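Enquirer: Take a look at the letters that make up each chain.
There are 2 protein chains.
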Amino acid sequence: MINYPNQMKKKPTTLEVKKRNLKKANLGTDFESKLNESNKYYLKNNIASIYKKPTPIQVVKVDYPARNKARITEAYYRTPSTTDYNGIYKGYHVDFEAKSCHASSFAFVHIFKHQIEHLFTIDKMGGIAFLLIEFPLYHEVYLLPSKVLYKKYLEYLNGGKKSISYLDFKKDGFLIKEGFLPPIDYLPVVDLLIDKILK
Amino acid sequence: MINYPNQMKKKPTTLEVKKRNLKKANLGTDFESKLNESNKYYLKNNIASIYKKPTPIQVVKVDYPARNKARITEAYYRTPSTTDYNGIYKGYHVDFEAKSCHASSFAFVHIFKHQIEHLFTIDKMGGIAFLLIEFPLYHEVYLLPSKVLYKKYLEYLNGGKKSISYLDFKKDGFLIKEGFLPPIDYLPVVDLLIDKILK
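Chains as they are written, first to last, in the numbering used here: chain A, 1 to 199; chain B, 1001 to 1199.
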C-alpha cells in the first residue's frame, strides 16, 4: 500500500465505507441487543414496559409484487425526533438515549441537540430521563441523569469541553450492574433517581 | 367492462391495489396529521410531550451512493410491537393507539391482540392508556379507555361481538373536542381519566 505524504488519508472505497459502517453497526448492536433483552426481562416479570422506538425511515417508493405485500424499493434514514427508548416504570415515564462509546470520552457530536433538549423536557415534566453509555474499553455501562448531561452541554455551548470524559461518568453518573439476566440491570439506578424526586 | 356472473369480483390489478392503498393511507393521514399538530401544540406550550412512534421497517439492502449517504433499496413493513403514540402528561405516562374508522363500528381485526394487551399492561402499571377513534361518517373522534377496550375484547374472545359499535363509543367513551388549535384536543379527557385514578 502506498504511504501518502503528511499522513494524508486515501479516500475510502464504497466497500470500505460499507464495511466500516457495518462494523460500527454491529458493535452498537451488541449493546442494543443486551438492552432489548433486559427490557424483555422487565416486561415478562411485570417490572416495567420499556421499548426501543423503531428507526425513522422516509419511504419514497413502494412496489406491490403481490396483493398484500408491499416492498419498499427506495427509502432513507431520517433524524430521530426524540430518543431511542421510553416506557413506564413504577408509574413513572422513563426516557433515555443509549450509546456505545468507543473512546474514553463521550463527544457531544454523537448526540443531537434536540435529543438533549427532549431529555431535559421529560425531566421538567416529571419523568425520569437519562443517557446510558457503554464504554467497551472499560467493560462498563454508566447512567448519566439528564440534569448532569444538560449542565455539561450548556458548559460546552459556552466554550467548555466538547465531550464528557469517562472520569466524569464515574464521578457524576451511576455504574450499571451487568449480569446474565437482565444483562444490563439499569432499573435499580432508576430507583435512586426516583428516590431523589420523592425527597 | 364485463359483468361477471354471481357478482364474482375480478381480481384487482396491481395499480388498482396501489391506488386503493394510497387512498386508504391518505384518509388515515388526515387524522394522523391533525393528531401530530395537536401534539406539537401541546409540546410548544409545555403541556405534554407526546410523539408518534416511527413505522417499524425491516431493512434488507442498503446502497451507499456517496460516503455519508445510505439509500435503502429493499425493505419491508413490520408489525409494530406496541402502539402508535406515547409520551408524558402531568407526570403520567400516556400511551394510545389511534385509528380512523370508516364504518359505523370498529372491528377488532383492525387492532392487534398484542396492542390491546400492551395498552392493558400500561394501564396496570399506572399509565393512562386508551384508543382514539375517528369516525369520519359522524365527524367525531372518541377516546375509549383501555379498561373498556379490554372488557369488550374479552367478550369478543368468548364469542361476543366482533366490533365495538359507534353507539358503544358514545356510551362508554368520551367525545373529543375538535377545533382549530389543537385540532384534536384530547388531553382534557385524559384529565378525567387521571381524576378517576386519584379518587
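Treat the hints with caution; some may be incorrect.
Here are the in silico distance ranges between beta carbons for each label pair [said to hold, decoys possible]: (1) B/Asn1068 with A/Arg67: 19 to 27 Å; (2) B/Asn1068 with A/Tyr156: 48 to 56 Å; (3) B/Lys1040 with A/Phe180: 37 to 45 Å; (4) B/Tyr1077 with A/Glu117: 39 to 47 Å; (5) B/Glu1037 with A/Ala107: 31 to 39 Å; (6) A/Ala66 with B/Asn1046: 41 to 49 Å; (7) B/Lys1196 with A/Tyr156: 40 to 48 Å; (8) B/Ile1047 with A/Pro65: 18 to 26 Å; (9) A/Ser165 with B/Lys1113: 46 to 54 Å.
Straight line, CA to CA, 25 Å or less: simulated DSS-like cross-link-like pairs of lysine-lysine [said to hold, decoys possible]: (10) A/Lys34 with A/Lys69; (11) B/Lys1044 with B/Lys1113; (12) B/Lys1061 with B/Lys1099; (13) A/Lys90 with B/Lys1099; (14) B/Lys1061 with A/Lys53; (15) B/Lys1170 with B/Lys1113; (16) A/Lys53 with B/Lys1053; (17) B/Lys1151 with A/Lys44; (18) B/Lys1151 with A/Lys53; (19) A/Lys124 with B/Lys1099; (20) A/Lys40 with B/Lys1052; (21) B/Lys1040 with B/Lys1099.
These aren't lab readings, by the way, just hints derived from the structure by calculation.
Predicted model only: the values in this text are computed from it and were never measured.
All C-beta atoms, glycine included, are put in the ideal place defined by N, C-alpha and C.
Enquirer: Kindly indicate which numbered hints from before are broken by the structure, ordering the numbers from low to high.
Expert: Failing hints, ascending: 1, 2, 4, 8, 10, 11, 12, 13, 18, 19.
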